[in-house]
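Novice: Using the sequences and the hints, build the whole thing.
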Amino acid sequence: NAGVTQTPKFRILKIGQSMTLQCTQDMNHNYMYWYRQDPGMGLKLIYYSVGAGITDKGEVPNGYNVSRSTTEDFPLRLELAAPSQTSVYFCASSLLTGYQPQHFGDGTRLSIL
Amino acid sequence: KQEVTQIPAALSVPEGENLVLNCSFTDSAIYNLQWFRQDPGKGLTSLLLIQSSQREQTSGRLNASLDKSSGRSTLYIAASQPGDSATYLCAVSKGTGANSKLTFGKGITLSVRP
Numbered sequence: 001n002a003g004v005t006q007t008p009k010f011r012i013l014k015i016g017q018s019m020t021l022q023c024t025q026d027m028n029h030n031y032m033y034w035y036r037q038d039p040g041m042g043l044k045l046i047y048y049s050v051g052a053g054i055t056d057k058g059e060v061p062n063g064y065n066v067s068r069s070t071t072e073d074f075p076l077r078l079e080l081a082a083p084s085q086t087s088v089y090f091c092a093s094s095l096l097t098g099y100q101p102q103h104f105g106d107g108t109r110l111s112i113l
Numbered sequence: 001k002q003e004v005t006q007i008p009a010a011l012s013v014p015e016g017e018n019l020v021l022n023c024s025f026t027d028s029a030i031y032n033l034q035w036f037r038q039d040p041g042k043g044l045t046s047l048l049l050i051q052s053s054q055r056e057q058t059s060g061r062l063n064a065s066l067d068k069s070s071g072r073s074t075l076y077i078a079a080s081q082p083g084d085s086a087t088y089l090c091a092v093s094k095g096t097g098a099n100s101k102l103t104f105g106k107g108i109t110l111s112v113r114p
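Protein sequences appear in the order of chains G and H. First residue of the first sequence: 1, per this note's numbering; consecutive thereafter. First residue of the second sequence: 1, per this note's numbering; consecutive thereafter.
Everything labelled a hint here was simulated from the structure, so no lab data went into it. Keep in mind that this is a model prediction, so the values were computed, not measured. Built from N, CA and C at the ideal position, the CB exists for glycine as well. Just so you know, not all the hints are guaranteed correct.
Distance ranges between label pairs, derived from CB positions [unchecked claim]:
1. G60(H) <-> S84(G): 39 to 45 Å
2. P40(H) <-> G16(G): 29 to 35 Å
3. Q51(H) <-> Q22(G): 29 to 35 Å
4. A52(G) <-> G83(H): 36 to 42 Å
5. I15(G) <-> S52(H): 26 to 32 Å
6. Q81(H) <-> S69(G): 42 to 48 Å
7. S52(H) <-> D73(G): 29 to 35 Å
8. D56(G) <-> L19(H): 36 to 42 Å
If you want the footprint, here are the derived chain H segments under chain G, 3+ residues with CB under 8 Å [claimed, not checked]:
9. 11-19
10. 70-77
11. 94-102
Specialist: Right, dumping it as C-alpha cells:
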C-alpha cells in the first residue's frame, strides 16, 4: 500500500523556471492538500481540494497553481520560481468524514537559486 | 484567525522519563485536534486524533488530552526511549469539507538521551 507518493524528492531550480510537483494517493481519499514547511516553522496550507474538479486557496497560494482532474492526483505548479519558494513541500490526503487523520507524503525539497 | 502555539521549541530528556508536550490554540471552536510525529527529512505521521467531543485518546505509550474550553492539549509520552526523538506537531481543524484544513503549530523537537 503506497499511500501518498510525491515526486521528485529533491529539485534545484533557477529563478524564473517552472515546474510541477507531483502527488498521487491510492487510498481513494476525497480530500487532498498541499503544504509548505520552512525551517523552524509549522506547515502552511497552499491549496486544497475536496474532490475531483474542486480546488481552493489556502493560506499562502500566491505563486502556485493546482488542478484536480482525478481523485488520485493533485499536482502543484510553480510558474515563475522565486527564491521565496525555497521550501519543503508536503502533499496530504484524508477521507471525507474528518474523523480520520491526514496522511502525508515524504515531501519534495525544492531550492530556487 | 486560529493560532497554534507549542512551547518550548526543543526539549531534551534522559531515557525513561515520562514527559508532557503542550499545545495551545486561540479559537476553541475546533472540530478535531491531531498530533503528528516528524522524523528528520521525512513527512508527518499521525499519532493521535481527538474529536472536539472527546477528552483523550491513547495509543500504546502515548496519551493525548484535550481541554477545548481552555484551548489546550497535551501529549503524554510514558517511559521515553531514544527512538522517540523526533519533532512533534499539533494541528487543529474547524470542521469537514472546506473547514477540514489544518492549522499547525511550529512543533517541539524532542531529544531522548540514552
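Novice: All the hints need checking, so say for each whether the structure fits it.
Specialist: We went through each hint and held it up to the structure:
One distance hint, 39 to 45 Å for the beta-carbon pair G60(H) and S84(G), holds here, with the actual separation near 40 Å. A hinted range of 29 to 35 Å holds for the C-beta pair P40(H) and G16(G), which are about 31 Å apart. With their beta carbons about 33 Å apart, Q51(H) and Q22(G) fall inside the hinted range of 29 to 35 Å. At about 39 Å, the CB distance of A52(G) to G83(H) agrees with the hint of 36 to 42 Å.
Checked against the hint of 26 to 32 Å, the C-beta distance between I15(G) and S52(H) comes to roughly 44 Å, which is inconsistent with it. Range check, Q81(H) to S69(G): about 45 Å between beta-carbon atoms, so the 42 to 48 Å window is met. Range check, S52(H) to D73(G): Cβ separation about 32 Å, and the 29 to 35 Å hint holds. As the Cβ distance of D56(G) to L19(H) is approximately 38 Å, the hint placing it in 36 to 42 Å holds.
Beta-carbon proximity to chain G at under 8 Å applies to 0 residues in the region 11-19 of chain H; the threshold of 3 is not reached and the given coverage is violated. A stretch counts as covered by a chain when three or more of its residues have a beta carbon under 8 Å from one of that chain; for the region 70-77 of chain H and chain G the count is 0, and the coverage is violated. For the region 94-102 of chain H, the assignment as covered by chain G holds, since 7 residues bring a beta-carbon within under 8 Å of that chain's beta-carbons and 3 suffice.
Consistency note: the structure conflicts with the earlier hints numbered 5, 9 and 10.
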